[in-house]
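Visitor: Put together the whole structure using the sequences plus the hints.
Protein chains in written order, with this note's numbering: chain A, 1 to 399; chain B, 1001 to 1297; chain C, 2001 to 2085.
Hints are computed from structural coordinates only; laboratory data are not their basis. Backbone N, C-alpha and C fix where the C-beta goes; we use that ideal spot for every residue, glycine too. Check each hint, because a few of them may be wrong.
To be verified - Here are the simulated DSS-like pairs of lysine-lysine, each with C-alpha atoms no more than 25 Å apart in a straight line: (1) B/K1192 x B/K1294; (2) B/K1251 x B/K1294; (3) B/K1266 x B/K1192; (4) A/K221 x A/K233; (5) B/K1088 x A/K42; (6) B/K1192 x B/K1034; (7) C/K2010 x A/K221; (8) C/K2002 x A/K221; (9) A/K314 x A/K221; (10) B/K1192 x B/K1255; (11) B/K1266 x B/K1254; (12) A/K336 x A/K277; (13) C/K2035 x B/K1034; (14) A/K289 x A/K277; (15) C/K2035 x B/K1188; (16) B/K1085 x A/K42; (17) B/K1165 x B/K1266; (18) B/K1034 x C/K2010; (19) B/K1038 x C/K2035; (20) C/K2002 x A/K232; (21) A/K277 x A/K221; (22) B/K1034 x C/K2018.
Stated by the list, open to error - Going by beta-carbon spacing under 10 Å, a handful of chain C positions derived as facing chain A: (23) T2004; (24) A2007; (25) V2008; (26) G2011.
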Amino acid sequence: MVDLQVLEGSEAVAFAVKACRPHVISAYPISPQTHIVERLAKMVADGELDSQYVRVESEFSAASVISGASAAGSRAYTASSSQGLLLMTEVLYASAGMRLPFVMTGVNRAISVPISIQVDHQDTISLRDSGVIQFYVESSQEAYDTHVAAFKIAEDPGILLPVMVCMDGWILTHSYEPVSVMEQVEADRFLPPFRPINFLDVDDPKSWGSYAEENVLMEFKYAIHAAMNYGKKRIKEIFSELAELTGRNHGGLIEAYRTEGAEVILMAMGSVVGTVKEAVDALRSEGKKIGLVKIRCYRPFPYEDIWNAIHGAKVVGVIEANFSMGSEGALGMDLKAKLCGRRNAPLVLDFIAGLGGREVNEGTIREIVQRGMEAHKRGIPLEEPYWAGLDPTMLTQGG
Amino acid sequence: MPAEQMPNHEELFVSGHRACHGCGMALAVRHVLKATGKNVIVVTPTGCLETFTSPYGYSPWRVPWIHHLFENAPSIASGVAAALKAQKRDSVRVLVIGGDGGTFDIGFGALSGMLERGDDVLYICVDNGAYMNTGGQRSGATPMYAATTTDPAGSVSPGKLQRKKDLPAIVAAHGVPYVATASVAYLKDLRKKVGRAMEYHGPRYIQIDTPCPTVWGFPSDRTLEVGRMGVQSGLIPLFEMEDGTITTVRKIKKKIPVEAYLKAQKRFSHLLPVDLWHEEVQQIQDIADRNIEKYGL
Amino acid sequence: MKITLGAVVKGGTSLEYKTGAWRDERPVIHMALCKACGQCIEVCPDSAVYVENEEYGIDYDYCKGCGLCAYECPTDAIEMVHEEK
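Guide: Here's what the structure looks like:
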């Protein structure tokens, strides 16, 4: 029997983490991650969660504490947002290289300057090169289920990489939704105790963190990439396994929503997907052949699954809340890189929407679809990614 | 020769590491591990010690050892300690052994956090007063008027103008159970202090003066001699502090003027002849004299 | 050679690297002068001094020739001689 409750998104995550029995939790507060780590702290204080909770003096240390714990053979968890995630960058690269399987929540929030506590994906996207696996969730239920799966994925002997579950700040973390929570016995069955391949062991002393000369460094880096590629199959298997257990199926590495026969397929990740799905439904009811590919797993980038969903379409409109200054949005770039040279590939257009919490509503999606279809008719791709909702009258000469 | 009589049989820090010949740090680490025994996990920040002990495939550490990054050895250690607690591996203890760069400077914040939390970690700083791994750049631990590559002596500068950061005092101000200073020149004393520190739980700190022949500029066979001079001049006070109170000091048997210490090292050679630089040398002497008075040496 | 997971390496493997090749000078122990205090073993940063059947010896595979054993020996029983290559 699963227990359905109305939970704040942050609380749902805390319940998911609790179900996975981490030995060590460490965190530094930053909006909008705070409710997750506060809820976990209360669980520990009330004896409901038997974890070592280490209150640190910076995010650098939070990520480091769980790295040390993981190397010592313990399951570990942290969470952060925005500036805090950037501060963890060095640690995440190092821990991915060290193949440490901890889990963390990236509560999405815009990056300074200007300072903003509203949501966009610039923070977690900035970490996409690090070797950390990244999932993006649409709802609090998906956040719950993905966190539970994340531990199993991280600890898989063929993967052994940190896993980051990205969820939109405020929209998901601070809103209330009905969430089904697993029974502890179910969670234990799905996720047995962590059995590390290597751990800091006085009976078998090993040294971690060597320096590598040019004759081996490339191979070490390639091994991370290879683990991620192997992970694509395994991630789908683990998601299926959990879906079977819970009766809730959020999809595999992607969710293809009404893509059959679609001429224009939108692509998005995070909570905005809910809005896009509604827009797709409305447009479909008007006879437009529109679909959506929801990216659930962003790293490793699931281009095979994406290709299967989009190759019949004429246009793919990527909608994303991040930007690589001087170039394009990350998801757009990832997709275009993979489609480059492919015969009959759809036209890929990049739309930037929702930076710093700017509202994305059905109207925004309709505008995006309109522009996409126009570009396709003219046969000319949009030269520059289109920043939906931007008010150019506010800009001074040269920006 | 029977294996048990081979020099490396009982060592937890074996031969083949790539330290410079005469390295004070390597000698100190050897003796630290003699005092702790094998039931320790060692964390080391980036630096000389990390580099000379971890070319891929060649490790001298016969205890579990981890090097993660430069600025986070204290937090890695806190994480290891938390994991050991969660796993109920009570007999295994956590050590950080790291240089002054990773301790006084870039790891300072993480160190303070670890101390404030009361984590069960013995932090040992092997202090050679500069970023030696990268050629000898100035750190917060560099003594006054020492020349370093980023704060060199030149026609308008006599080297570092600031005093050495008093890290033992800063650590002690966190209210930790045990703080000590030691020197590789006094190995029995060093082992005794490590042993004493291991009797406590909570955060403990030992700062070991480890002269560096390569960059301080003295012959490789004089490492202990230079170390002794540092102690005998008063510049390197040796003491133990338990719960904030000084409990032991190593009194100076025969005081030497700081001049003798300065003359023995190329990093102070710009202060010679001392008559020309008597103001600066006097300031260094004042530091030594203040230590002697403060600690009752 | 296969790479290890996460570049984790077995401890004690530095013994495969013979730092003795670094030497310019080598210590020679004159047992006649030796009073068996053990200081030489104590002060070697490379654990390259040993005692076997009361005879002190140098492990020339690893000795870097720093001279600490010779300098610290209270009876001057260790002499540093030029290394013949």
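Visitor: All hints are to be evaluated individually against the structure, with a verdict given for each.
Guide: Outcome of the hint check:
1. B/K1192 x B/K1294: Roughly 23 Å between the alpha carbons, so the hint for B/K1192 and B/K1294 holds.
2. B/K1251 x B/K1294: Within the cut-off at roughly 12 Å; holds.
3. B/K1266 x B/K1192: violated, 32 Å
4. A/K221 x A/K233: It holds: about 20 Å lies between the C-alpha atoms, which stays within 25 Å.
5. B/K1088 x A/K42: Roughly 23 Å separates the two Cα atoms, so the pair holds.
6. B/K1192 x B/K1034: holds, 10 Å
7. C/K2010 x A/K221: It holds: about 20 Å lies between the C-alpha atoms, which stays within 25 Å.
8. C/K2002 x A/K221: holds, 14 Å
9. A/K314 x A/K221: Violated - the C-alpha atoms of A/K221 and A/K314 are around 36 Å apart, more than 25 Å.
10. B/K1192 x B/K1255: holds, 23 Å
11. B/K1266 x B/K1254: holds, 24 Å
12. A/K336 x A/K277: holds, 23 Å
13. C/K2035 x B/K1034: Holds - the C-alpha atoms of B/K1034 and C/K2035 are around 24 Å apart, at most 25 Å.
14. A/K289 x A/K277: holds, 13 Å
15. C/K2035 x B/K1188: holds, 19 Å
16. B/K1085 x A/K42: holds, 20 Å
17. B/K1165 x B/K1266: holds, 22 Å
18. B/K1034 x C/K2010: With a Cα-Cα distance of about 20 Å, the restraint between B/K1034 and C/K2010 holds, given a limit of 25 Å.
19. B/K1038 x C/K2035: Not OK: B/K1038 and C/K2035 at ~31 Å, beyond 25 Å, violated.
20. C/K2002 x A/K232: holds, 24 Å
21. A/K277 x A/K221: Status violated; Cα separation ~38 Å.
22. B/K1034 x C/K2018: holds, 23 Å
23. T2004: Given a least distance of 9 Å, the restraint on C/T2004 holds.
24. A2007: C/A2007 check passes; min Cβ-Cβ to chain A is 5 Å, inside 10 Å.
25. V2008: This interface hint holds because 5 Å falls under the 10 Å limit.
26. G2011: Hint holds; C/G2011 Cβ to chain A Cβ min 4 Å, cut 10 Å.
Checked against the numbered hints above, the structure violates hints 3, 9, 19, 21; every other hint is satisfied.
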